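Chemist: Each chain is listed here by its residues.
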Amino acid sequence: DTEVTQTPKHLVMGMTNKKSLKCEQHMGHRAMYWYKQKAKKPPELMFVYSYEKLSINESVPSRFSPECPNSSLLNLHLHALQPEDSALYLCASSQWDKNTGELFFGEGSRLTVL
Amino acid sequence: SQKIEQNSEALNIQEGKTATLTCNYTNYSPAYLQWYRQDPGRGPVFLLLIRENEKEKRKERLKVTFDTTLKQSLFHITASQPADSATYLCAPQNTGRRALTFGSGTRLQVQP
Numbered sequence: 001d002t003e004v005t006q007t008p009k010h011l012v013m014g015m016t017n018k019k020s021l022k023c024e025q026h027m028g029h030r031a032m033y034w035y036k037q038k039a040k041k042p043p044e045l046m047f048v049y050s051y052e053k054l055s056i057n058e059s060v061p062s063r064f065s066p067e068c069p070n071s072s073l074l075n076l077h078l079h080a081l082q083p084e085d086s087a088l089y090l091c092a093s094s095q096w097d098k099n100t101g102e103l104f105f106g107e108g109s110r111l112t113v114l
Numbered sequence: 115s116q117k118i119e120q121n122s123e124a125l126n127i128q129e130g131k132t133a134t135l136t137c138n139y140t141n142y143s144p145a146y147l148q149w150y151r152q153d154p155g156r157g158p159v160f161l162l163l164i165r166e167n168e169k170e171k172r173k174e175r176l177k178v179t180f181d182t183t184l185k186q187s188l189f190h191i192t193a194s195q196p197a198d199s200a201t202y203l204c205a206p207q208n209t210g211r212r213a214l215t216f217g218s219g220t221r222l223q224v225q226p
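Taken in order, these protein sequences are the chains called A and B. Taken in order, the first sequence gives residues 1 to 114; the numbers are from the numbering used here. Taken in order, the second sequence gives residues 115 to 226; the numbers are from the numbering used here.
Some hints here could point you the wrong way.
[Claimed, not checked] Below, computed lysine to aspartate or glutamate pairings styled on EDC-like, alpha-carbon distance capped at 16 Å:
#: 1; chain 1: B; residue 1: Lys117; chain 2: A; residue 2: Glu44
#: 2; chain 1: A; residue 1: Lys40; chain 2: B; residue 2: Glu166
#: 3; chain 1: A; residue 1: Lys41; chain 2: B; residue 2: Glu119
Bear in mind the hints are in silico, worked out from the structure with no lab data behind them. Small disclaimer: the values here were computed from a predicted structure and weren't measured.
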């Protein structure tokens, strides 16, 4: 199984809502990532988890809260978002113990903040 | 600061021709460089990785070169097909750094 599964595929939320994006992989990867991608821009790194611990936070606002409950799951909790947070949110995973580990991406969750 | 530059304008070529995409980087000392393909509304897909001690890497119709002196990688698609139309992203990777930072990407359009 070489898939990274993200749910939901589409999400529309108001600025006062609380929602979560979910990501799952069963490749035994111990590194998981959240990227944000705006239209016509490359994916931008938000968070990195290695062995279920947060190892990189790229100065992301606290209205985005990541969580890695186990080695297969990665969540991104959203609260009090702004319209400019509307984007495609991509989850990825890779081997951590391999320098050259390629990233496997999910299909993304398209978020619209009204 | 670190920069990764790819052709910001779309590259339009005729089917059957070779497409050549450029990735230039500054303030990186990458031990590896990865290339990904991204179709609209989908996640990037890994294509090739080249190491700093490799001058060239091939996979089917794809060829990547890596010149650490010029700080440049070239990505070639030979005998291009309309199905190759996509955005191609490069990511220089320093040793020990698992997370990737991507260049802006080059959109390739292959005309039938």
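Chemist: Of the numbered hints stated previously, which ones are contradicted by the structure, given in increasing order?
Modeler: 2
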